[in-house]
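> Read off the chains here:
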Amino acid sequence: MFELLFFSLLNGVVTGLLLFMLASGLTLIFSMMGVLNFAHASFYMLGAYFAYTISSYIGFWPGLIIAPIIVGLIGAVVERYGLRYVHRWGHVAELIFTFGLAFLIEEVVQFIWGKDTKAYQEPEVLHFALFNFFGQDFPAYKAFMLIISISIFVVLLLILTKSRIGLIIQAAITHPNMTAMLGHNVPLVFMGVFGVGAGLAGLAGVIAGPALGTFPGMAVVLGPIVFVIVVVGGLGSLVGAFVASLLIGLLQTFAIALDYSVNDLLMLFNITTDVDSALRDLWTLSLPQIAPLLPYLLLVLILIFRPTGLFGKRET
Amino acid sequence: MSNISNAQSSTPQSSKFKVFRPWIFLAVLFIVLPFIFSSGISVYTMNLMGIFIIFALSYNMLLGQGGMLSFGHAVYFGLGGFMSVHFMNYIEDEVFILPMFLVPIFGGIIGLVFAVIIGSFSTRRAGTVFAMISLGIGELVAASSLIFVAFFGGEEGVSGDRTMGPNILGVDYATDLQVYYLIAAWAFVTIALMYMFSRTPMGRMANAVRDNEERAEFIGYSQRKVRFISFCASGFFAGIAGGLFAINFEIVTEENLNALTSGVVLLMVYIGGVGFFIGPIIGAIFFTLLQTLLSHYTEIWQLYVGIMFVLTVMYAPQGLTGILAMHLPVIRMKRVPQLIMPYIRLGVPVIIFLIGAIGLLETVHHVRSAPVDQTMMTLMGLEYDTHGVLPWVVMVICTLGGGYVAKSQAGQLREAWEEAHAPVSSNGGSAK
Amino acid sequence: MSMAISLNEVRKSFGPTEIIRGVNLNIEKGERHAIIGPNGAGKSTLFHLVSGRYTLSGGSVSLNGEEISNLPPYEIYRKGLSRSFQVTNIFPLMSVFENVRCGIMWSKDYKYSFWHLVDRERSLNERTQEVLAEIGLTDRQHVPAGVLTYAEQRALEIGIASAGGADVIMLDEPTAGMSHSETDQAIALIRKITEGKTLVMVEHDMGVVFDLADRISVLVYGEIIATDTPENIRNNKAVQEAYLGAEAEHA
Chain A
1 MFELLFFSLL NGVVTGLLLF MLASGLTLIF SMMGVLNFAH ASFYMLGAYF
51 AYTISSYIGF WPGLIIAPII VGLIGAVVER YGLRYVHRWG HVAELIFTFG
101 LAFLIEEVVQ FIWGKDTKAY QEPEVLHFAL FNFFGQDFPA YKAFMLIISI
151 SIFVVLLLIL TKSRIGLIIQ AAITHPNMTA MLGHNVPLVF MGVFGVGAGL
201 AGLAGVIAGP ALGTFPGMAV VLGPIVFVIV VVGGLGSLVG AFVASLLIGL
251 LQTFAIALDY SVNDLLMLFN ITTDVDSALR DLWTLSLPQI APLLPYLLLV
301 LILIFRPTGL FGKRET
Chain B
1001 MSNISNAQSS TPQSSKFKVF RPWIFLAVLF IVLPFIFSSG ISVYTMNLMG
1051 IFIIFALSYN MLLGQGGMLS FGHAVYFGLG GFMSVHFMNY IEDEVFILPM
1101 FLVPIFGGII GLVFAVIIGS FSTRRAGTVF AMISLGIGEL VAASSLIFVA
1151 FFGGEEGVSG DRTMGPNILG VDYATDLQVY YLIAAWAFVT IALMYMFSRT
1201 PMGRMANAVR DNEERAEFIG YSQRKVRFIS FCASGFFAGI AGGLFAINFE
1251 IVTEENLNAL TSGVVLLMVY IGGVGFFIGP IIGAIFFTLL QTLLSHYTEI
1301 WQLYVGIMFV LTVMYAPQGL TGILAMHLPV IRMKRVPQLI MPYIRLGVPV
1351 IIFLIGAIGL LETVHHVRSA PVDQTMMTLM GLEYDTHGVL PWVVMVICTL
1401 GGGYVAKSQA GQLREAWEEA HAPVSSNGGS AK
Chain C
2001 MSMAISLNEV RKSFGPTEII RGVNLNIEKG ERHAIIGPNG AGKSTLFHLV
2051 SGRYTLSGGS VSLNGEEISN LPPYEIYRKG LSRSFQVTNI FPLMSVFENV
2101 RCGIMWSKDY KYSFWHLVDR ERSLNERTQE VLAEIGLTDR QHVPAGVLTY
2151 AEQRALEIGI ASAGGADVIM LDEPTAGMSH SETDQAIALI RKITEGKTLV
2201 MVEHDMGVVF DLADRISVLV YGEIIATDTP ENIRNNKAVQ EAYLGAEAEH
2251 A
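Protein chains in written order, with the working numbering: chain A, 1 to 316; chain B, 1001 to 1432; chain C, 2001 to 2251.
Here are the in silico distance ranges between beta carbons for each label pair:
1) 1193/B to 6/A: 57 to 67 angstroms
2) 1417/B to 2196/C: 51 to 61 angstroms
3) 2142/C to 1163/B: 46 to 56 angstroms
Keeping only pairs whose Cα atoms sit at most 30 angstroms apart, straight-line, the calculated BS3-like set for lysine-lysine is:
4) 2192/C to 2108/C
5) 1225/B to 2079/C
6) 2108/C to 2197/C
7) 2111/C to 2192/C
8) 2029/C to 2108/C
9) 1225/B to 2108/C
10) 2108/C to 1018/B
11) 2108/C to 2079/C
12) 1225/B to 2111/C
13) 2079/C to 2197/C
14) 2197/C to 2111/C
15) 2029/C to 2237/C
These are calculated hints, taken from the structure and not from any lab test. None of the values given here were measured: they were computed from a predicted structure. Heads up, the beta-carbon is just placed ideally off N, CA and C, and yes, glycines get one too.
With the rest of the complex left out, here is chain A (with noise of 0.2 angstroms):
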């Protein structure tokens, strides 16, 4: 029992960060230009099939440093060609904009690369358990996850509070139009931050594809989720982001672990269901069954209790 809480506390924090380095690049993007990135899980897939790509080739450790580039250059292309030019429409326009952009990330994805899986490996030099406890390994592809997540974070604080170009950002995001007066290229700026933000995405996908598989999928299986992490979080909010995600990916964790269902539930009342009754579903219903609607239950919840999220600010 104990190394079951050990092991998924330390899985959900794994994946709470994973999450986390992307939502924090989708609500840096958000706070500054109001636009909800829709293609942001679309940069975390191609970051894993172009880290897949020159990991065949030269091998993992030069895909780790070159692919989150490439994407984050695709992403600057993005926000000067394609983002700026439909910004005059308002933000249900960038949205559908975004979308697009995505669906059409996936088409491309599939065209260059096909519809199966990709057979993209953790370093060998990483193949190996780091620690075993209570008879359960821990690999060490997941500490270096964790390694890199959270050094990611350490130097992305470090660059938004302490540095000048973190504080130009910091006054982009509030006063776009002050901050241009005095004399700073703000859409130079832009372009940087969405780049950033694709750029970690990217990073993110690098990191995850070994372990959560290199598919076609990939981005719409994890994007909704790191949508609802910023709602829940609070639109904006950076730390909310944090927060959501650690939360999130420790929900979904536990319920997989914990194999409990509904009958259990009961049985602590002493009350036995009907195996063939039409809510027979609703018996059997077991936590990890529902670990995917989790995050979606934690939305609607949100929602109805605290629209603007926990850590939110006012209105959109």
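With chain A held as given, fit chains B and C onto it using these hints.
Quick look at chains B and C alone, frame taken from chain A:
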């Protein structure tokens, strides 16, 4: 039938008839179509179009009329479908005695019920937040559908038999043609109802809230309530479309609820044109044609759709209907002949460019996906070797050359366009 | 007899900054009342507080004796208070005709009806044509409101605000940006549509103010420093110091 009204304070007899004219035309068209396009595949395609038209129009009640972008509209379509197919099974098991053609009503009702439930908390906000909420709810319902197997049938979905139930006038819906007339009848009724809805006070205020939600409150209307009612109405009609889907295909699966279907309806409506009542109709027809015809000729038709969609969003946000509508003033001023040559001059290089680009895409796809030894492929009737140099050279030249010439010709079309729109000279009188 | 609008110790803060600092004002039924003051005094903010756009930080607002503090805008409208906006706030994609008609619909009790067809509602459409004629936009009625000229949009603003027949009409800088002739037309329009009603307006153009107003209130730094007839305001020392100064020559 544009959103700009031509309201008159009195309706003399002749203009009353004029109001009914398009509807009579539509009814006649629906009746006559299967005689013009009578092959099996045509009827099949028209049935699909009919269903999508209703679905797309219901979606535009949200997007085009109400300014609400939803990524989860398939929920109401799918739930309507599931409820309907269950009713079909109740009819088969003689739990109810109901003629098949009434089944879509139950689809509509369940669409309405869920729209009321979900709308109660999701229509509080508009814009981006609403879109994200709709996405989350859509995923929730789609994921739930794989869990609650009793209602949703799990991976295989739920099947039914549309020939069951009382035979009215000998119609048992065994043939696609009979189903066509059922769908056409429902399409006619729902198109009329949705159009009329847009001409009611509620429909007008939906437009107002879309344009300026704040100001709407200052003329006495709660924006939240307006959005909620639009949402419910749209769910109702989506449910009806789902019911017709159930009857037509006799099976409903999780696919009909999921994000892909929600995305497809957004695509259809946007390409058709959100700002016009008939936009979704045109979009549904166009998309269905793409899906059924194009998929026969190429495996990468979805890639083309994706490219088309992004191009539409960026360069033709008014959609196909918008492009057509742009030409109305020119047609009215009878200046169309002025534009024919300029269009040809631009059109030909564009076509050459497309031939080159499509050729490249198709050939690359073929090289990557066909078995190793199969190097011959056919495109547009021409057979060629994908490993030969000549086809590649030709395609690259077409793409680059066509593209370059097209770009240089764009200017002359723009000039001709402006000339065609120039005010008429005074001695000719003004165009009215 | 209860006041048309009554403000009692109204306060509004944005964060730590108090913009409206205890406003007391009583506006009588049928009165034409102008609120003037230097830029940044809080005139528009006061309007927003009364009409429901902002929530009050303190104090209360009453309409015809009934408290309306912090009610949503649509409820305040339904109780008989209608307003226009300083920055044009119309429905740009809808035609001018539709804009006006929407402004009338609630007053004709249609509420959220989806069983009436507006094109067939004779009384609704006739009233719309009446208002269009009043604001001089009959010829432009089928044009999308977004393409109107600035002055036409200002006229439409006033039209939408008054179309519903509210008893109390608040106009926020109705003549902003208008030329002399346009302003004269606007004054005539305002006078006509507020016949027998209570008018509250924010204005910078002293000519308009002294022409139309029965009483004037002067708002400076979120407080009303004087409320009186135009003549007395003109001669009020404190007002002259705080505000009128150069304007007295301009009027």
